[in-house]
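Novice: Here is what each chain is made of, one letter per residue.
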Amino acid sequence: MSEILRRDPRKEWIARNRLHPKHLEVLAELGRGAASEWMGPQGLVRKNPHAVGFMGPHGIRRIDRSGVQQGQGAGGARASAAVSKPRVEIDEPAFLVTVVPDMGGGRLSGHDRDLLGLARQLADADPDARGAVAVVTFGAAPEDVDEAGADRVIALEAVEGFAPERRLVLLEAVEREFAPRHWLLPDSGLGGGDLGRRMAARLGERPVTGLWQVIEDPEAPLGWQCTARGAAGSKDILRPMPRLVMALAECAEPISETRHAATPLMLEAGLPEVSEPALPGGVDAPWIEDLGQVPVDPAGVALSEAEFILSAGNGVRDWDGFHEAAKVLGATEGASRVAVDDGYMPRDRQVGATGTWVTARVYVAVGISGAIQHLQGIQPCEKVISINMDAGCDMVKRADLAVIGDAAAVLSALVARVQSARGQEGATESSDASATTDKEARNAA
Amino acid sequence: MPPDIQAPKRRASTTPVLDVVALVSVGRHPVTGRGRRADLDARGVELALSLPEAQTRLVHAGRYDADSEQALRGYLGMGFKDLTLLEQPAGSDVSVALGEALEDWGPQLVIAGERAEQGEGSGMLAYLLAERLGWPLVQGLAAIEEVSQGVATVLQALPRGQRRRLKVRLPAIVTVDSAAPAARQSAFGPARRGECQSLTVDACKDEALSSWTMQPARKRPKRLKIVKAASARDRFKAAAAKAEGGGGQVLSDVTPDEGAEAIYKLLKDEGVLR
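Chain order of the listed sequences is C and L. Letter 36 of the first sequence, counting from 1, is numbered 36 in the numbering used here, and no numbers are missing. Letter 246 of the second sequence, counting from 1, is numbered 1246 in the numbering used here, and no numbers are missing.
Keep in mind that the hints were calculated from the coordinates and are not lab data. Because the structure is a prediction, the values reported are computed rather than measured. One should not assume that every hint holds.
Claimed, not checked - Label-pair restraints from in silico Cβ distances:
1. L/GLU1195 x C/GLY343: 29 to 39 Å
2. C/ASP290 x L/LEU1049: 20 to 30 Å
3. L/VAL1227 x C/ARG87: 49 to 59 Å
4. C/ARG46 x L/ALA1238: 48 to 58 Å
5. C/GLU143 x L/SER1198: 56 to 66 Å
6. L/TRP1212 x C/ASP400: 38 to 48 Å
7. L/ARG1223 x C/GLN373: 37 to 47 Å
8. L/TRP1212 x C/GLU143: 53 to 63 Å
9. L/VAL1227 x C/ALA28: 31 to 41 Å
Said to hold, decoys possible - Each computed DMTMM-like pair below joins lysine to aspartate or glutamate, with the alpha-carbon atoms no more than 25 Å apart:
10. L/LYS1228 x C/ASP144
11. L/LYS1222 x C/GLU250
12. C/LYS327 x L/GLU1207
13. L/LYS1228 x C/GLU89
14. L/LYS1228 x C/ASP297
15. L/LYS1268 x C/GLU160
16. L/LYS1225 x C/GLU160
17. L/LYS1268 x C/GLU425
18. L/LYS1265 x C/ASP390
19. C/LYS235 x L/GLU1069
20. L/LYS1268 x C/GLU250
21. L/LYS1222 x C/ASP342
22. L/LYS1222 x C/GLU160
23. C/LYS235 x L/ASP1093
24. L/LYS1228 x C/GLU147
25. C/LYS397 x L/GLU1258
26. C/LYS235 x L/GLU1258
27. L/LYS1237 x C/GLU425
28. C/LYS85 x L/ASP1234
29. L/LYS1225 x C/GLU250
30. L/LYS1167 x C/GLU273
31. L/LYS1167 x C/ASP406
32. L/LYS1222 x C/GLU305
33. L/LYS1225 x C/GLU257
34. C/LYS397 x L/GLU1270
35. C/LYS235 x L/ASP1206
36. L/LYS1265 x C/ASP394
37. L/LYS1265 x C/ASP297
38. L/LYS1219 x C/GLU147
The C-beta atom is built at its ideal place from N, Cα and C for all residues, glycine as well.
Generate the whole structure from the sequences, applying the supplied hints.
Specialist: Rendered as structure tokens:
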């Protein structure tokens, strides 16, 4: 019964009659309450100019054309735009460009995305014979790899820790099976830089390192001329681009406007084994054994490369409490210029334009009002937390999280919170351990 | 957190004498452009000097003239009597000569800087030598903690001041990161008295390098902030937006405990608390 669509001519009449006392009720009932546009019965778009806008505070109708009013609609449109990025499929690639991203923390870094942009540039140069970009990962590929520009994904086995020989052997297998035209790696210290050089030595290729620009050149063997940094960054080397490329960050624009297929590719030959030839000396030990990361004294870490900085300014009175907090949190200590000038902190701990430019991921500013020189120094920091008495200061405006209050009290509360959390963790671990021993005892019984 | 990293302990190892080769090159002062000790190579020599019971041999492969002699004497001034020189004309591939020499000598440990300050500076030399000799290679060292029983325990420098401990079987090649301890000052007297012993070796010309164009490094163009907006409103917002600020959470009128809880939560989410 409910499937039969029934019209109520009376309600339709009320909906048309704006002067009817039940007009708004009926409109809401029919689901056209706020709509100023609807599709008419003949397929024409009907507009109600009177339903546009809203009543302002003095009974004057205001029309906001900035789009805020249709927040819902705008959001929906944006979401659909993200989905509706044009999808690019390359079914029969003329050649393969392989990219081996670093993927620090399992995500594509900005450097990796730049490299994928460069790979697309190389693959799409000739519209008649387009290549495919294949991303080689150790472990599962990240989800957004299709939006970063990958046509193919070669997911090799996960390699944990520092095992360059294992990674190298896997890449050699990819090289044998697919023989890509270009190999691109990020020229970053321990990741792609190391792996790419090992690979170049193994394959006997002469790579380009520190590449930052490519130009099309039909006379070059691979069709590209490149510019690379040499001699510790003091020289530019112009040379034909070889197969194996280690590129700097910002070598190309990352992909943002298209989506790609990211089809998985498998190694048919299977994964090879590492062979470590015996070395002279007769010692029976693995070539390289990873003993894991070492806890580092945060006070010894250079301020410019510290990951987590607790910084003190003029608002700090309780210096013992501050040092204690830095110790408990495991943060590197920093200071504003005032604290250094007043002699509370050494000069090499000064953060800001006249001190050190820091790149911390998390920067906690305690009692720092945020002079412009200081804010310049912390510009690359990702998360800034401010503890301050003054809610109107510049540091609070810059901060992602600002706590207005007495620095000493908040710091001591934070120390207590961290210590209690650590105590709980220790307790749960020991209870876990006792539980497992209980279980083992029961199993044994 | 107790500081786990200390200066390498001086402990008597069971191997009588560790045969170490430190590869040194001619550096370039970044401002004046004059020849000097290459920074990373000098740090490598410093690491070699910090090893107990090690006999270190300085080896340089390359051209030998007044400018490079001045720079090489800088290494001699760190406390060496002599330096072995594999003389090569400018623009030759030194990896071939060095590989042959190392095969002859068979040292236990080869220490080199990560990359040279002159020439191509690709950082490939250590990799080529390791491939040729078939030895393990560890890159980016900050310290050598211990060498015993034919195994070296080393600390590798990770980004953000972190360290990783590795065990490497000897013979091995290691390269030195700028996180390694700074080189000691070069003393004038030993630098003058030291000798450069030249060995005659075949030179292998680097054909590719001579065909490339080298020019002073150009400043890289700054990446522009490209606004890809679908509507005029988005474009206007992007153009009129303030550079930073806004969007932060401000907690006023809270007790210290509530504030601490919020900070703790953020620190935990960012994963900086250990």
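Novice: Does the Cβ pair L/TRP1212, C/GLU143 satisfy 53 to 63 Å?
Specialist: Distance hint for L/TRP1212, C/GLU143 is violated at roughly 41 Å.
Novice: Does C/LYS235 pair with L/GLU1069 here, judged by a C-alpha cut-off of 25 Å?
Specialist: holds, 23 Å
Novice: Please work out if L/LYS1219 and C/GLU147 have their alpha carbons no farther apart than 25 Å.
Specialist: violated, 31 Å
Novice: Is it true that the CA of L/LYS1225 sits at most 25 Å from the CA of C/GLU257?
Specialist: Status holds; Cα separation ~15 Å.
Novice: Keeping to a limit of 25 Å between CA atoms, is the pair of C/LYS85 and L/ASP1234 held or broken?
Specialist: holds, 18 Å
Novice: Please verify whether L/LYS1222 and C/GLU160 have alpha carbons no more than 25 Å apart.
Specialist: violated, 36 Å
Novice: Within 25 Å, alpha carbon to alpha carbon, are L/LYS1268 and C/GLU250?
Specialist: violated, 31 Å
Novice: Quick one, are L/LYS1237 and C/GLU425 close enough, alpha carbons at most 25 Å?
Specialist: Violated, because 46 Å separates the two Cα atoms, which is more than 25 Å.
Novice: Need the status of pair C/LYS235, L/ASP1206: alpha-carbon distance at most 25 Å?
Specialist: With a Cα-Cα distance of about 18 Å, the restraint between C/LYS235 and L/ASP1206 holds, given a limit of 25 Å.
Novice: Hint says 37 to 47 Å; check whether the CB-CB distance for L/ARG1223 and C/GLN373 agrees.
Specialist: violated, 25 Å
Novice: Are the Cα positions of L/LYS1268 and C/GLU425 separated by 25 Å at most?
Specialist: Holds, because 13 Å separates the two Cα atoms, which is no more than 25 Å.
Novice: Check the following: the C-beta atoms of L/TRP1212 and C/ASP400 are separated by a distance inside 38 to 48 Å.
Specialist: holds, 47 Å
In this structure, the earlier hints numbered 1, 3, 4, 7, 8, 12, 14, 16, 20, 21, 22, 26, 27, 31, 38 are contradicted, and the remaining ones agree with it.
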